[in-house]
Each structure stands twice: as structure tokens, then as C-alpha cells.
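Chemist: FYI, this note's numbering numbers position 17 of the sequence shown as 17, with every residue one higher than the one before it.
Careful, some of the hints might be misleading.
Calculated pairs, DSS-like style, for lysine-lysine (alpha carbon to alpha carbon, straight line, at most 30 angstroms) [to be verified]:
| # | residue 1 | residue 2 |
| --- | --- | --- |
| 1 | Lys7 | Lys121 |
| 2 | Lys66 | Lys3 |
| 3 | Lys7 | Lys263 |
Because the hints were derived from the structure by calculation, they are not lab data.
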Amino acid sequence: MVKKYFKAIRIKNLALLSLIFWGLMLHNYSEDFSFKVDHLLLFISIIITTASGYLINNYYDLNSDKINNKNIEDLSKTFYRNCYLLHLFTSLLVLFISDLSPSWLNLVIITHILVYLYSLKLQHLPIIGNLVVAFLSSIVLVIPYWLTGKFWELENFNISENLNQIFVIFCFLISIKREIVKDIEDIQGDLKTGSYTLPIVTGQKFSKLILGLLVLISIGFLIICVLESILSIQNIFFFLTMISLLLTFLYKTYQSFEKSDFKTLSNLLKINFLAAGIWLYILL
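Using the sequences and the hints, build the whole thing.
Modeler: See the structure below:
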């Protein structure tokens with residue numbers, strides 16, 4: 001049962017998110033901004049909130065997951081609902097026992113509302129659901145920057161000066177690509193449950209064109225960062241790795257027609273996330 005629970009909350013995705021979150025935290029720490037227990041409590045609340053999102057999504061997607069062979073055997077709607085409510089309560093409780101300002105509690109509450117609306121309705125709409133998930137993923141990664149007392153400053157694209165902000169933008173672009181890939185992969189189940197995702201509304205071919213455009217935007221963004229950054233060995237390694245993975249993704253996108261092909265594309269984007277996260281620690 002524990003193994004099935006971890007699968008339900010997408011433990012691998014949470015691990016990737018945690019890897020990048022703490023990598024960014026370590027880069028933001030300085031003499032004026034050091035580790036506090038409240039940072040850990042906020043992180044725990046955010047991760048539990050993210051897990052709750054997967055659980056409530058499983059609750060509403062049980063029928064389509066069965067069609068797409070993604071359902072987890074022996075886990076019922078009752079299990080997902082009860083686990084979701086427990087995670088919701090726990091994520092708020094963790095913040096209540098911290099000394100963090102009420103604004104962080106408000107952020108988590110708003111996140112829960114968005115996650116619920118996504119699972120209930122927004123995921124079935126073209127592009128809107130994809131943007132919501134990408135936005136929520138980006139929010140998690142901008143938190144280390146917000147904890148320093150700043151909201152958003154981006155005067156240039158020098159990765160040494162604006163590491164956190166550049167990572168937020170890059171991860172947003174990866175997330176929206178991954179959501180579109182997931183929609184293509186799940187098209188059969190979504191069709192039978194009345195969804196109107198991008199592949200259903202526009203077709204697989206057009207969705208692949210959108211993916212290609214997003215890859216080119218991502219590569220263009222990285223090239224701008226290259227031109228404005230100091231090209232140390234670590235930075236060269238990062239940019240070459242990211243651009244190489246994106247080019248591989250682009251090539252495979254136009255060779256993808258079957259569900260298994262899009263599963264490979266999804267895994268490629270996870271590797272993109274993993275490589276970016278590992279680079280954060282190499283840079284320390």
C-alpha cells in the first residue's frame with residue numbers, strides 16, 4: 001500500500017521539485033539570508049500541497065486513467081478523497097505552527113484552490129489547464145527568491161546574477177511542454193470522458209507544432225542567456241546540456257505517433273529537469 005501511495009503522489013516528480021527547490025535555496029543563502037526552520041516548514045507545506053494536487057486529480061481522473069491504463073490497482077475514489085483531505089489539513093497545519101507571515105498561508109490556500117479547480121474543470125480545457133500547471137510549478141521555484149524579501153527583479157539574462165529568475169522561466173517552459181505531451185499521451189481516455197484538451201480540439205499534428213514552437217522559444221531563451229552570461233565551464237556545461245536535450249526532444253517529437261513515443265518525450269523532459277537540478281549543486 002505504501003508503494004501505491006508513493007505512486008499516487010508522484011514521488012519521483014516531488015523528488016525532482018525538491019532537488020531544484022533546495023538547489024535554488026542554497027544559491028540564495030548568504031550572510032544576510034541564512035537557513036531557518038521556517039524555511040523547512042514552508043517547503044514541507046508546499047510539497048504536501050503538491051502531493052494533494054496529484055491525489056485530487058487522481059480522484060477526478062479515475063475513469064480516464066482506467067482507459068489510459070494509468071490507474072493504480074486497489075486505490076479507490078474514497079482512498080484518494082480521504083488522502084487529499086488529510087494532505088490539505090496537514091499542509092495548512094504545518095504553516096500554522098511556523099512563524100511565517102500570513103501571506104504564505106494565503107499563498108498555500110490559493111494554490112489549493114487552483115489545484116482543485118484544475119482537477120475539477122480547468123484540465124479539460126485547451127491550453128488553460130496546461131498554463132495553470134506550469135504556473136503552479138513555477139510558483140514553487142520562485143519561493144526561494146521571495147524568501148529573500150524580493151518579489152521579481154530581472155534586469156538582464158546573466159545566469160550568474162539572475163539564477164533563480166532564469167530557472168523559474170525555463171522550468172515554466174519545460175512544464176507547459178510536458179503538460180501538452182501528457183495530453184497527447186492521454187487522448188483516448190480524455191476523449192471518452194468529455195475533455196477538450198489541445199490535442200482533442202486541434203489534433204495531434206497541430207499539438208506537435210505547438211510543442212516544436214515551445215522548444216524553439218526555450219532554445220531562443222537559452223541563447224539569450226548565453227549571450228548575456230559569463231561563460232564559465234559550469235555555465236557552458238549547463239547551456240550545452242539543456243540545448244542538446246531540447247534538440248533531441250524536438251527531433252523525437254516529429255518522430256512520435258504512438259502513445260509509447262510520447263511517454264519517451266515525457267521522460268526526456270524529466271531528464272531535462274534532473275540535469276538542471278544537478279547543475280545547481282555542481283555550481284555551488
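Chemist: Work down the list of hints and note, for each, if the structure agrees.
Modeler: Verification of the supplied hints:
1. Taking the CA atoms of Lys7 and Lys121, the gap is near 23 angstroms; set against the 30 angstroms cutoff, the hint holds.
2. Our distance criterion of 30 angstroms between C-alpha atoms is met by Lys66 and Lys3, whose separation comes to about 19 angstroms.
3. The suggested pairing of Lys7 with Lys263 holds, with an alpha-carbon distance near 16 angstroms, which does not exceed 30 angstroms.
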